[in-house]
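Q: In case you want the letters, here they are:
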Amino acid sequence: MWRKIGYVLSVIVAAVVPVIVLVVLPAWGILAGVVLLIAWLALTRTGRQAWSATAVAVSTIPQRLGSSSVVIIGIAGVVGVLVALLAMAEGFRATLQQTGSDDTAIVLRAGSQTEINSVVDHDSAVLVADMPQVMRDKQNRPIASPEIVVAASIPKKSNGVDSNVEIRGVGDEAWELNPRFRMVTGRRFRSGLRELIVGKDAVREFAHTDMGSTLDLNNQPWTVVGVFDSGDSHNSELWADTGVVATTYHRGSSTSSVTVRLRNAGVFDAFRAAIKTNPQLKLEVQTTRRYYDAQSEGLTRIIHVLGTTVAVIMGIGALFGALNTMYAAIATRTREIATLRAIGFRGAPVVVSVLLETLLLAVLGGIVGAAIAWLLFDHYTASTLGANFSQVVFEFRVTPTLVATGIKWALAIGFLGGLFPALRAARMPVTEGLREL
Amino acid sequence: MKYLHLVWSALLRRKTRTLFTIFAASAAFLLFGLLDSVRAAFASSGQSVPGATRLITMSTQGLLGSLPLSLLRRIQAVPGVSSVTYESWFGGYYQTPKNELATQSIAGNYFDVYPEYRLSPAELRALHATRTGAVAGAALAAAFHWKVGDKIPVQATVFPQKNGSNTWIFDLVGIYHVSDPREQGKESQLFFNWDYFDQATAFGGGAASFYIERAARLQDVFSVGSAVDALSVNSDHETKTQSEDAFTASLARRFADIGLIVGSIMGAVFFTLILLTGNTMAQAVRERTPELAILKTIGFSGRGVLALLLAESVLLLAVGGILGLALSVVAVSELRARLGAQIPVLPVGSATWLRGVALMFAVGIIVGVLPAWRGMRVRIVEALSGR
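Residue numbers (my numbering), protein chains in the order written: chain A, 1 to 437; chain B, 1001 to 1387.
Relax, there's no trap hidden among the hints.
In silico DSS-like pairs for lysine-lysine, Cα to Cα no more than 25 Å straight-line:
#: 1; chain 1: B; residue 1: Lys1151; chain 2: B; residue 2: Lys1162
#: 2; chain 1: B; residue 1: Lys1098; chain 2: B; residue 2: Lys1151
#: 3; chain 1: B; residue 1: Lys1098; chain 2: A; residue 2: Lys276
#: 4; chain 1: B; residue 1: Lys1240; chain 2: A; residue 2: Lys157
#: 5; chain 1: B; residue 1: Lys1240; chain 2: A; residue 2: Lys156
#: 6; chain 1: A; residue 1: Lys200; chain 2: A; residue 2: Lys157
#: 7; chain 1: A; residue 1: Lys276; chain 2: B; residue 2: Lys1162
#: 8; chain 1: A; residue 1: Lys4; chain 2: B; residue 2: Lys1015
#: 9; chain 1: B; residue 1: Lys1002; chain 2: B; residue 2: Lys1015
#: 10; chain 1: B; residue 1: Lys1147; chain 2: B; residue 2: Lys1098
#: 11; chain 1: B; residue 1: Lys1162; chain 2: A; residue 2: Lys282
#: 12; chain 1: B; residue 1: Lys1002; chain 2: B; residue 2: Lys1296
#: 13; chain 1: A; residue 1: Lys156; chain 2: A; residue 2: Lys200
#: 14; chain 1: B; residue 1: Lys1098; chain 2: A; residue 2: Lys282
Honestly, the hints are just simulated from the structure, not real lab data.
Produce the complete structure using the sequences and hints provided.
A: Here is the structure:
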């Protein structure tokens, strides 16, 4: 009785602990584990026994191809869905993260979380720009861009559905804020004219935004004179001169926000203190890195929760599939395993061989799943409603880290799916096993 | 039906394997139940009965555009319009920015156009009589433990008050309910008087975000929409009028193509499930070949064996599927209790059950047909002699 309880408890520990270790361990830790395992297989006596038992097991896989493929495809499904969903979150996060930096800061009305909610009057904007922490260009003008964000309704190219597109009026110094900014085709807009330049993602997504075309904004015709690539989420936007946007949308002299380049990242605290202590200013400042990171948090978290939930449930399904397959596998190999035991193989090599076989199938499944996710979804373009109530275009990103996460899941499922059949194989009475047909 | 016992004992032949397959199937149907209720929440919004004759007019500048109040009288005069109301989007949050609210300021006749929001006459009178009055949906009130009589401070995200304060304090005078369970996503809004908003806001007053019209007859919906848009063509506040379901569908699509995401996941899940149960059935038939031969010997026809085996695989999936869907009912009600207002999830409805049962049959037939075919073709002599 007690022995049995002890056995069950130790099996549970043997099942749970490695899975937790697997989840916590970084990729290099798993690689180190693999190296250790190979060393054990090659160098010790039990290791060599396990190795040859595994070789026998693997050589019989072709006879059980149908049921072995259940393990591979079941796990491929889990890993594929997980990696694809996480790639969506990763792509969205990366796009917004690239938008921010530590040495530029965005100033909004106190209490506003997004630019579209914010109003900064002209006097405050000038005061902010003139602060000593703001970097100046060669002509000694502060690098500060008063910006207006409005949303326009433009149909998508793909399905004709009206979408909110962000129109950003930017100041003369906007070009100095982002060192990666460049024009792909055409030229910058001229200030004072109703001219637009379009981000390279916006051109792809939205109708009437190609070079040279005319777009109606608030019933006034605007001409598209260029396409830009800023390497970040501004690529989903249309840019124009702040002054002209303000006139078109009856905004007077106020703007939505002011973005400034700081002398260096270190002066941010002083800059914030200067704004906070100035009684004339009812403004809040944050680095653009924090501002854009916060915008991606919500959606990234939702997708992570969704992806993990779906993968856990699918994983449970795949786990039972793997258990079925491996129990069937050792059942058909009963005589083989009994023979191995009879000629002197101990329990451990048998356990290891069944486990290794399952892990091999699982890793194969993980690779297949990650590869499918990569083939179908890497650089897949999607868009969603961003913080300014307009579309943010982003690409799915299947990164090596995500693939490693997928493989970890595969290993965890494979381990659990192989452990119980392996233990049964090792505990099988040899004499009965030999009599099996 | 009289062979149910036979089919059942075939499943019990290998208890572990059957159990594992059932668990795998129930995992698949648990996911199906969860995802289908999310999908249905997006798909069914705006398909209520009173919604059929409703139209929503918004600015062509998008969701945050505003429309002058002068439009109200002109829309009322459009032939075919039986009533018009308006609302102004307010937004805001409660206590922390994470608790975003769907707050709107509404015109006095708003609840006439939205009869599905059930509010007692006394509560409605209280809303009209209290300048700072507000009514909350039952789900929202439950999430934050609000009750009638509470003062609710809402932090504005867009509209500060004229006195510079960012905090609007509302007196909760009523809690409304929505009876149709498919529409319960609507129970998470907060409404207050447009007049109060107009008087107190620093900017954005004197205008509406949306006009909502009711067409007198269903067949008028389309013509009313065009006539309303014609009112402001070539003005600086051009409008776009859509039927309510077109409006909500386009709104949901702005977030993501929910149907595509759910569809892809379900595709992967059921492909895997078919393979997995197919393997189980193939194994079951393979190891039972001699038994099938005996069945045939005692007089079962080939078709009889085929039917028995198909019934076996359908039963296998039905047990797993019903277990999974039952689990999803529990999981969904738990989710709704925890998340409440934040994520639209509908209780698992009869439509989901119907689709689920159809899927169980379909998958059962698909995975059963090949092994059953093989079972039907078993030759008695060969099978019995173990060849």
